[in-house]
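Enquirer: Residue numbers (this note's numbering), protein chains in the order written: chain U, 415 to 630; chain G, 123 to 314.
Each hint should be verified, as a subset may be incorrect.
Claimed, not checked - Here are the simulated DMTMM-like pairs of lysine to aspartate or glutamate, each with C-alpha atoms no more than 20 angstroms apart in a straight line:
#: 1; chain 1: U; residue 1: Lys533; chain 2: U; residue 2: Glu613
#: 2; chain 1: U; residue 1: Lys533; chain 2: U; residue 2: Glu612
#: 3; chain 1: U; residue 1: Lys532; chain 2: U; residue 2: Glu612
#: 4; chain 1: U; residue 1: Lys589; chain 2: U; residue 2: Glu628
#: 5; chain 1: U; residue 1: Lys497; chain 2: U; residue 2: Glu628
#: 6; chain 1: U; residue 1: Lys558; chain 2: U; residue 2: Glu628
#: 7; chain 1: U; residue 1: Lys532; chain 2: G; residue 2: Glu301
#: 8; chain 1: U; residue 1: Lys589; chain 2: U; residue 2: Glu613
#: 9; chain 1: U; residue 1: Lys558; chain 2: U; residue 2: Asp548
#: 10; chain 1: U; residue 1: Lys617; chain 2: G; residue 2: Glu188
#: 11; chain 1: U; residue 1: Lys532; chain 2: U; residue 2: Glu616
#: 12; chain 1: U; residue 1: Lys497; chain 2: U; residue 2: Asp601
#: 13; chain 1: U; residue 1: Lys558; chain 2: G; residue 2: Asp305
#: 14; chain 1: U; residue 1: Lys558; chain 2: G; residue 2: Glu301
#: 15; chain 1: U; residue 1: Lys533; chain 2: U; residue 2: Asp601
#: 16; chain 1: U; residue 1: Lys533; chain 2: G; residue 2: Glu188
#: 17; chain 1: U; residue 1: Lys617; chain 2: U; residue 2: Asp592
#: 18; chain 1: U; residue 1: Lys532; chain 2: G; residue 2: Asp271
#: 19; chain 1: U; residue 1: Lys558; chain 2: U; residue 2: Glu613
#: 20; chain 1: U; residue 1: Lys533; chain 2: G; residue 2: Asp305
#: 21; chain 1: U; residue 1: Lys532; chain 2: G; residue 2: Glu163
#: 22; chain 1: U; residue 1: Lys589; chain 2: U; residue 2: Asp601
#: 23; chain 1: U; residue 1: Lys532; chain 2: G; residue 2: Asp128
#: 24; chain 1: U; residue 1: Lys589; chain 2: U; residue 2: Glu545
Unchecked claim - Simulated coverage check for chain G against chain U, where a stretch passes if three residues somewhere in it have a Cβ under 8 angstroms from a Cβ of chain U:
#: 25; stretch: 174–182
#: 26; stretch: 303–310
Said to hold, decoys possible - In silico contact screen, one side only, chain U against chain G (beta carbon under 10 angstroms); selected entries:
#: 27; residue: Gln482
#: 28; residue: Thr486
#: 29; residue: His487
#: 30; residue: Ile521
#: 31; residue: Gly530
#: 32; residue: Lys532
FYI, nobody ran anything at the bench for these hints, they're computed from the structure. Note that the structure is a prediction, hence the values are computed from the model and not measured. By construction, the Cβ of each residue, glycine as well, lies at the ideal position given by its N, Cα and C atoms.
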Amino acid sequence: MAVVATARVVAFAEHGHDGVLDAGLVGVPASVLWRIPGRIVGARKEGTRMAVTQGTLTARRVIEQLRQRGVTHVIWLVDTESKFMYDALVAEKGLTVVPICREGEAIGIALGLQIGGKKPVVIVQNTGFLESGDSVRGMALDLKMPLVMMVGYRGFHRGQPITDSAAIYLEPTLKAWDIPYHLVETDDDLGKIGQAFEEAQEKQHPVAVLIGREYE
Amino acid sequence: MSSAMDARAALELIHAHRGDALVLPTMSAARAWSAISTRPELDLPVSGAMGKASSVGLGLALARPERRVLVLDGDGSLLMNLGSLVTIGGMAPTNLIVVVCENGVYEITGGQPIPGVDRLDLCQIALGAGFRSAEAIDDLARLQARLPDLLAAEGPTFAVLKLRPFSYGDGGRRRATAEAVRDMAAALASAG
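Here chain G stands alone, though its shape is the one from the complex:
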């Protein structure tokens, strides 16, 4: 990635703009997010079945149309469940935002390139699948400027963040998914 953002800095910007959005990070982003987020009751780190964060996000967005649901996916992860973009496009939840942390590698296994790394255009795929909007961002200032609109727009919304790989020091203790499921379900139930 010749032009790419610092990964942690990008997530910090998202956190600053999240409001009370439900955030579903997965893989490397989940570790980094756990060190950034101050609202763990509204976070659901998705692990256990790689690639399924977008599907969990769709279910949550359908269940809670009054809440913003933001998925922090990885490019390698999304490739494992690419059909989910079509499923999302078909259901067209206006409150769902899928943000892909794109670094072109399977970071968690040491940085091997993902298939089609130099040719892949996830934004084109998302638009073709029926997302209302899709854009790629590779600059922190641009991300900061675009976040309010991205989070408020009528979705489904798709964005690719061009990132450098996360650093080991970016990560905190990732909460267990089971614990997060319980906490988020309770928080949503009490919210009515």
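Same shape as in the complex, but just chain U:
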């Protein structure tokens, strides 16, 4: 992975950013940021590509991470960031895939599975994650569910300005809800999936894994 953003991150700090850069904003010059008081929330469109991520995310290796963590059920509404795993997941004998119609269902189904002693993971896109807000609030957060949610990060392309509101508001929303998250773009990041499961269990709290690239 080659990220060419250092100078521009420094520029953020000089402009009053707290120095912790949202993943989607790495490499974006301060001059194009959208701001709300005290906070950077996105960037205006600017065509220059400033960073390059190489490597791929392999379905088999993601599934292996889920198996290692004892996952029994995958509650899923397929999206452009997770579709590369579909065939492999459906074929995986040790996992039950639960296809859903709308993302808010996922949290309720996960709750029932957890009460019954199973270990689900939720896979949805950021659009659907935002749609499922009341279930995330009223169940995952209020009931302290140790739940890992893999969220397709539509609109995120490392080093490019974010113009898709589904991406612009994702990380601020996760922060507002105090949901920890990890960005996974390639196989180099797979350890973060295991880390998310450990964190969810330790804190008895939902944790998000953001799938940051689209794969065929």
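Following the hints, complete the assembly by docking chain G onto the known chain U.
Expert: Same frame as chain U, now just chain G:
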């Protein structure tokens, strides 16, 4: 509702036939059920995200296929999560029963009518979504006669109970969902 049952009496009949079924009541039914049930460790009042009782029930039914799981939903609640019927139909858990306490109104906010109240046929929707059976019941004697089969049938099973609104006096102290989650998880874990 011109022909409808007394709500509390209907729930009392269900309780009499529940056996060791896991029961997930929501909204007004949850308050009434708390005053009726003598097995709170097997009850999970679903609150916090309106409309999601059927989804929680699906998860529980998939996790515990050896147990009967009975959801006591509301018509207004189910309309908030209607797609869950299709999800349930797709997974086809044989141990899941969804019972809708239908009174045609948002009772908890004062009785405003739900959308499509005079045209809605939830049984048709459930059958179209893949439930194995669906029936509407508006008579207590009929409910009593049908309950053994409804609770024993290979599901997913769907039933609409035509009810008059609950009375304020029907309700007991509804247990907090967090407390019920903890108790039911412990009860199921100890049951193996």
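Enquirer: Given the proposed pairing of lysine 533(U) with aspartate 601(U), does the C-alpha separation stay at or below 20 angstroms?
Expert: 23 angstroms, violated
Enquirer: Given the hinted pair lysine 558(U) and aspartate 548(U), is their alpha-carbon gap at most 20 angstroms?
Expert: 14 angstroms, holds
Enquirer: Next pair to validate is lysine 589(U) with aspartate 601(U); report whether the Cα-Cα distance is within 20 angstroms.
Expert: Violated: lysine 589(U) and aspartate 601(U) sit about 25 angstroms apart, past 20 angstroms.
Enquirer: Hint check: lysine 558(U) vs glutamate 613(U), CA-CA at most 20 angstroms. Holds or violated?
Expert: 12 angstroms, holds
Enquirer: Holds or violated: lysine 532(U) and aspartate 128(G), Cα atoms, limit 20 angstroms.
Expert: 38 angstroms, violated
Enquirer: Taken at face value, is the distance from the CA of aspartate 592(U) to the CA of lysine 617(U) at most 20 angstroms?
Expert: Holds: lysine 617(U) and aspartate 592(U) sit about 12 angstroms apart, inside 20 angstroms.
Enquirer: Going straight from one Cα to the other, do lysine 558(U) and glutamate 301(G) come out at no more than 20 angstroms?
Expert: 12 angstroms, holds
Enquirer: With the threshold set at 20 angstroms, check whether the alpha-carbon distance from lysine 533(U) to glutamate 613(U) stays at or below it.
Expert: 14 angstroms, holds
Enquirer: For the pair supplied as a hint, lysine 617(U) and glutamate 188(G), is the alpha-carbon distance within the 20 angstroms limit?
Expert: 31 angstroms, violated
Enquirer: Just to be careful, I want the Cα atoms of lysine 558(U) and glutamate 628(U) compared with a cutoff of 20 angstroms; is the pair within it?
Expert: The given pair, whose Cα atoms are some 31 angstroms apart, is violated under the 20 angstroms limit.
Enquirer: Count the residues of the stretch 303–310 of chain G with a beta-carbon closer than 8 angstroms to any beta-carbon of chain U: does the count reach three?
Expert: Three-residue rule met by the stretch 303–310 of chain G, so holds; n is 4.
Enquirer: Taking only the CA atoms, is the gap from lysine 533(U) to glutamate 612(U) under or equal to 20 angstroms?
Expert: 13 angstroms, holds
Checked against the numbered hints listed earlier, the structure breaks hints 4, 6, 10, 15, 18, 22, 23, 27; every other hint is satisfied.
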